[in-house]
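Chains as they are written, first to last, in my numbering: chain A, 1 to 369; chain B, 370 to 773.
Just so you know, not all the hints are guaranteed correct.
No farther apart than 30 Å at their CA atoms in a straight line, the calculated lysine-lysine pairs in the DSS-like style are these [what the hints assert, rightly or not]: (1) 613(B) - 165(A); (2) 600(B) - 613(B); (3) 662(B) - 165(A); (4) 374(B) - 305(A); (5) 374(B) - 165(A); (6) 600(B) - 662(B); (7) 745(B) - 165(A); (8) 165(A) - 671(B); (9) 654(B) - 165(A); (10) 733(B) - 165(A); (11) 743(B) - 333(A); (12) 630(B) - 165(A); (13) 245(A) - 745(B); (14) 509(B) - 245(A); (15) 699(B) - 594(B).
Derived CB-CB ranges, DEER-like [unchecked claim]: (16) 335(A) - 744(B): 33 to 39 Å; (17) 400(B) - 111(A): 24 to 30 Å; (18) 448(B) - 111(A): 23 to 29 Å; (19) 739(B) - 337(A): 24 to 30 Å; (20) 592(B) - 324(A): 47 to 53 Å; (21) 682(B) - 154(A): 55 to 61 Å; (22) 337(A) - 513(B): 28 to 34 Å.
In case anyone wonders, no lab produced these hints; they're calculated from the structure. We treat Cβ as the ideally placed atom computed from N, Cα and C, and that holds for glycine.
Listed below, chain by chain, are the residues.
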Amino acid sequence: MENTRPITTYQAAAILISTIIGVGVLPLPLFAVQAGDTGAPLVTLLGMVLGAIGLFILTFLGIRHPEKTIITYSEDIIGKVLGRICSLFVILFFFVLTGLAAREFGEVVVTGVLQETPLEVTVIVMLLLACISCRNAINVFSYIHNFYLPMLVAPVLIVVALSLKNADPLYLRPIIGTNLPHMLFGTLTISALFQGSFIITMIIPFMKNPKKAIKASLFGISISGGLYLLLVIATVAVFGAEEIKQIFWPTLELARTTALPGNVLQRLDVIFLAVWVTAVFTTLFSSYYFTIYSIQQLLHLQDHKMLSCSIFPFVFISAMLPQNLIQMYEFIKFVGRVGLLITILYPGILLIIDFIKNRRRKENASQQT
Amino acid sequence: MRRNKRNLVLLLLFVLLLPLLSGCWDAMEMERRANILAIGIDEASEKEQEKDGEVAHLKKSFQMPNQKLIKVTAQIAIPGRIPLGPDQGGDQKPVLVMSVVGHTLEDALLNLQQQVADELFLGHLRIIVLNENVAKQGTKRLNDFLRRNPEIRRTAALVVSKEAASKYMKLAPDLDRVPSLYLADMVDNLSSLGRFPPSFIGLFWTIYSSKGQEAYLPYLTIKQKDIIELKGLAYFKGDKMVGKTSPLEIGVFMAVKGDSKGGYGAFVHVPGTDQMVMVQVRSRKTKTKIELKNGRPHVRLKVRYECEIDEKESPKVKINDSKVLKSIEKETAKDMRMSIEKLIATTQNAGSDVFGFGEHFRAKLPRYWNRNIKTKENWEAAYQQLTYDVKVDTFIHRVGMKAK
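Extracted from the complex, chain B is given alone in its bound form (with noise of 0.2 Å):
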């Protein structure tokens, strides 16, 4: 009798235990998952402001007049054909392009679910390429859902484009059988090889937030068919885009942000000749100390460049001798700061602290910060008006293998 009642005991209980089998709540397969690897925002033109989809709100009910609608493009993943080795994958396109309408990113995501029979999926979103027109008018309406989807990573990259993001969706480089993952390598691999600053989505949100400084995003153009390139530094203002450098500016940024990765070169003149050497910036020392001169916030840089002659134009030029190289160092030291100077000048102009100065003023002089600036705002103006001296020491090392 007694052993009767255990087994039924047990038998209840594998009875109880046999809904856990029906597993997970949150399973979900591979295959039914339209993995999305990157997006593309873009102003919506004329023609596809009528596209709007109804779909979180009824037409004309949405409260924002003066916004022009974006145009979303999305790269998805076609399961089973994403190559996963050398040997996988046929001639089939690996990823489906699609572009919808919508008044923020969420809108134009529901939108586009309404066209995809799979759910849709941001774990593996790796880059959201941004137009230059849509950065300019402001990033707000993307950070709010990026930042409160729990699915986006926050390493994912963030590029302005000058041309229409949608392109970039619509690339297929050669080079990698996954458009949008060729892209976003390119960019990772930006920084590791010195050609820009660390850059990322969450960063760029950091950035953003802080108050003493203002973000930079990589500025990215099509070359041919095809082909990407590095073109410049985006630079912002709040979450606005208001201007662009060249690419060899990126290197300068970099001199004064302090970033000691060097991977730029810069032609130098040597002095008494007509000539030109290459000169290849190795690795950067930077030391910013602020101050107040007389109440105004004044910055003294100091940057010290170890460099390598890389190569130089013509057989004339002789760089056997250290007097050479030291007049070339002083050269180059003189070309430095005068670029590290124009490129402040132009930011200053715009309104926009990309190098941070301002951070360093509110973690130094936080009883001046307090009572003079305390917001963003404030900080952006007094940049307008903030002083600053840069001294450049350079030291050439290297002259490579050959002797003359």
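Bound conformation, chain A alone (with noise of 0.2 Å):
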């Protein structure tokens, strides 16, 4: 009999990273400047505690529902009018996400690399990467990220290690920026960059051991958050705070500024943007993927294949419909901010009712005997 539970606890923490780590890469240290000033690396980690903090309350939810995702447990816990209508608007969200993290991506190359490609084929080669990808099942899944992770990290930590030779350390400081209230709502658009997140609880049904879903959670959080302080860290002190207001992918020319030494490449932006191809397209896929599979679940279908096809128009439509780049991160940011509704919000409601339940259930059992 095939093994219906195929994923260890490392390829859980591994699946969540390469989720996490996506286009965001790119203008996080402008978002994060934008909040806090000097204070950036600060605005990311309360960002990444924000987002910790949503991770965990799915990956508690999971551990009690361990055979169920958000779409299906969620019906339990609300009654299923009520969480099918939420759970029609966690795919909606996952589905727009979806969209603009292949327009954002579509921007980035036209912009700075293929200047005469057309937009719609950057955007269509790579939806049509994570629509072929998405036919197959949860374990290739897993080892797809499990494959690309290594690929991820590396490079970024040669970009941020070589570029701290031009690093002024007096660029980081105040380390508490200076516009608190400001500083608190720039968090929330960092935060936004952790959604990928979301996608714990479509694993932890698959995993070997769902107990140690926490350890999982934990790993990828701690691990995908640290990078990007990193770069931000790394971003903040060489270039210094007004400087990255002015640029619109700050990190990218971190790694047009950095050269590896002894002239072997004069700028590693190249290698930097192999690289984010793969980040973007692991970001993809998993919310592509999540997004048909929760399709599936919502309406109780034998298979998750011939959905990923169907949906591939929408998908694209959605994506072309940002009129240019400023327009396209006004809407990013919007969405993320209000997405925070649905990965932190919602399933926060749902755990309190949840423990609500089960005592009052308790209650009655030991009330009965």
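Since each chain comes alone in its own frame, lean on the hints to assemble the complex.
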């Protein structure tokens, strides 16, 4: 018989890391600096903590319902109709997220590297790649993530390490930014970059040992968050807060300024972009997979494979909706913050209701005996 | 029947894949690219003002009344003539030098494109030479285009020249067969030799954007025919160049800035005699402490020099005694302190905080900064009132292989 629970704890952590690290890497320092000036690393840390809270709520929920995902157990907790309506929002949100990630990818490629290539082509190619890969079963899904993980993490670390040559620690001070309320608002934008961690709800039912999901979450969020933090620290230390405000993709600019010693490579952006394409793919892959898998569960279908191609045109259309780069980022920030309602608040409410229900059930049980 | 169907599907698939064979939209053959290696920017002369191209705008429709046109001279590599090894490349010139005028850099480059058959490509741009007069009017008109264009390298060099920048484009130094590469390598090597603090266009922007410091660039001049010399450091206020230093003052500047690599030496008067010895700086260590004295910004600088004696002027002076060395150390320290103070005073008059003291105040005293300074302009004014003490310690560690 086929193993229905093939995913190990480390695989789950790897899926989380490679899902979280995605398109957001490029504008991350800009978002952080816009929110907190020199307090950007602190903003990132706070964002990470907020993201972690959401992730742990989901993990707890998953452990309490080890056979089900948020789509199915929400029906148990808040009732069939309400649960389905909420699930519809979750699916819609990840659907839009997929489209936007593909679009952001396309914009960067067209502006930064392939200027003559039509935007549609880069977006379609990326989406098609995710669409085809999504026809696989969950164990292939986890293998793909595991396979790419080292290629995602290593180059980022290399760029950060080499760039520190040009760093000036003075740019990082004062560590606490200047405008506190503004900073907290920015934290929301940053924590939206951690929304990929929602995927854990889909993984837990496939884990060998669902109880260990907490460990996987801890690893996942701390490694990806740590990488984000390093990146923000490095870019702020090299460019300073004021300069970052002038650059759309500070991380890319950092790679462009950094040279491999000995004039082997005078700019690292080519390597970095190659890596980043994989990072985008894994993120897109996850959100796409999550979207179709959730639709399958919502409609109680046998298989998710055929959904993969049928939602493709809609994802593509949603990707092409924003008119230009600036409109797209306004939209991404807005969607990201609204999404927090779905990725943090909604699971939070579910968890509380679940707790109360459980206690009542226990009380009832003890009264009866 | 079923097999036929399968074959048909396969065939269809191949047909679908056919368009992919045409390749990439961005495919571009090397030979069809006009690689710009270097750009020189001058003020256009009265005669050249008339040459405006009407490519990006019609005559007189450009809303920039009081600004003169700039003349852009570009060095374009001729495909196949760039020598790749010692045996390659004949006597033909490897580059083509062309001049155009325009309101902004992009405007000028569009005019240039109108005259060149191949597509201009800026990915190999290594150096941009700014004429002193253009630098004094401000680099704003160039920055925006250079930042937006994804082809530009952030590590390209930016320098200020005394002579017309177009002259630098036409130079043909004997040391390297590609003139602009010689120029770019020279500028890049300055910092590894300790002759100049690190300087490239990305760093220039970074410093220009930050509120508490002002940018600096190398200031070059042409010596005789085809020989370039580093003549000092051009310092800026905002995006405008406001002054330049002497070459030795670059060393002083690096000391204040805290650049540890020493490269400059100076003649020091030996106390009690009328002779001089050459003291070469090996490395330095700088500590910058800041504080508020009666609500006014105050800087305490402590510089420690590690030196050696390279040469003495005449046999009369004997440096075989540690007492003599001590006195030379003291004399050196005094000299250095005076030159540091002089340089700070000069830049204060110009209102240009090239040393980045303002960044220290912004970083370490955020409350003072937010209450009293906040903008770059305010700091420029505050810098002129800045007070400072300078303390210099000099240590001579070596005197070379000669015993006396």
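Hints, one by one, checked against the model:
The hinted pair formed by residue 613(B) and residue 165(A) meets the criterion: a straight-line CA distance of about 28 Å does not exceed 30 Å. Between the alpha carbons of residue 600(B) and residue 613(B) the distance comes to roughly 9 Å, so the proposed pair stays at or under 30 Å and holds. Proposed proximity of residue 662(B) and residue 165(A) is contradicted: the alpha carbons are some 34 Å apart, above 30 Å. Restraint check for residue 374(B) and residue 305(A): satisfied, since their Cα atoms lie roughly 23 Å apart, inside the 30 Å limit.
Under the criterion of a C-alpha separation no larger than 30 Å, the hint pairing residue 374(B) with residue 165(A) is inconsistent with the structure, at around 62 Å. Simply put, residue 600(B) and residue 662(B) have alpha-carbon atoms about 37 Å apart, too far for the 30 Å limit, and the pair is violated. At most 30 Å may separate the alpha-carbon atoms for a hinted pair to count; residue 745(B) and residue 165(A) meet this at roughly 26 Å. With a CA separation close to 24 Å, the supplied pair residue 165(A) and residue 671(B) stays within the 30 Å bound.
Note on residue 654(B) and residue 165(A): the hinted pairing holds, with a Cα-Cα distance of about 17 Å set against a maximum of 30 Å. Between residue 733(B) and residue 165(A), the direct Cα distance comes to roughly 22 Å. Compliance with the 30 Å bound is thereby established for this hinted pair. Simply put, residue 743(B) and residue 333(A) have alpha-carbon atoms about 28 Å apart, close enough for the 30 Å limit, and the pair holds. Straight-line distance between C-alpha atoms of residue 630(B) and residue 165(A) comes to about 14 Å, which keeps the hinted pair within the 30 Å bound.
Annotation: proposed proximity of residue 245(A) to residue 745(B) holds, straight-line Cα distance about 15 Å (limit 30 Å). Distance restraint check for residue 509(B) and residue 245(A): the Cα-Cα separation of roughly 17 Å lies within the 30 Å cut-off, and the hinted pair is therefore satisfied. The suggested pairing of residue 699(B) with residue 594(B) is violated, with an alpha-carbon distance near 42 Å, which exceeds 30 Å. At roughly 34 Å, the beta carbons of residue 335(A) and residue 744(B) sit within the given window of 33 to 39 Å.
Take residue 400(B) and residue 111(A): their Cβ atoms lie about 26 Å apart, and the range 24 to 30 Å holds. A hinted range of 23 to 29 Å for the beta carbons of residue 448(B) and residue 111(A) is consistent with their spacing of about 27 Å. Checked against the hint of 24 to 30 Å, the pair residue 739(B) and residue 337(A) passes, with Cβ atoms roughly 27 Å apart. Residue 592(B) and residue 324(A) have their C-beta atoms about 50 Å apart, which keeps the hinted 47 to 53 Å range intact.
A hinted range of 55 to 61 Å for the beta carbons of residue 682(B) and residue 154(A) is consistent with their spacing of about 57 Å. The hint said 28 to 34 Å for the Cβ distance between residue 337(A) and residue 513(B), and at roughly 31 Å that hint holds.
Violated hints for the displayed structure, listed by number in ascending order: 3, 5, 6, 15.
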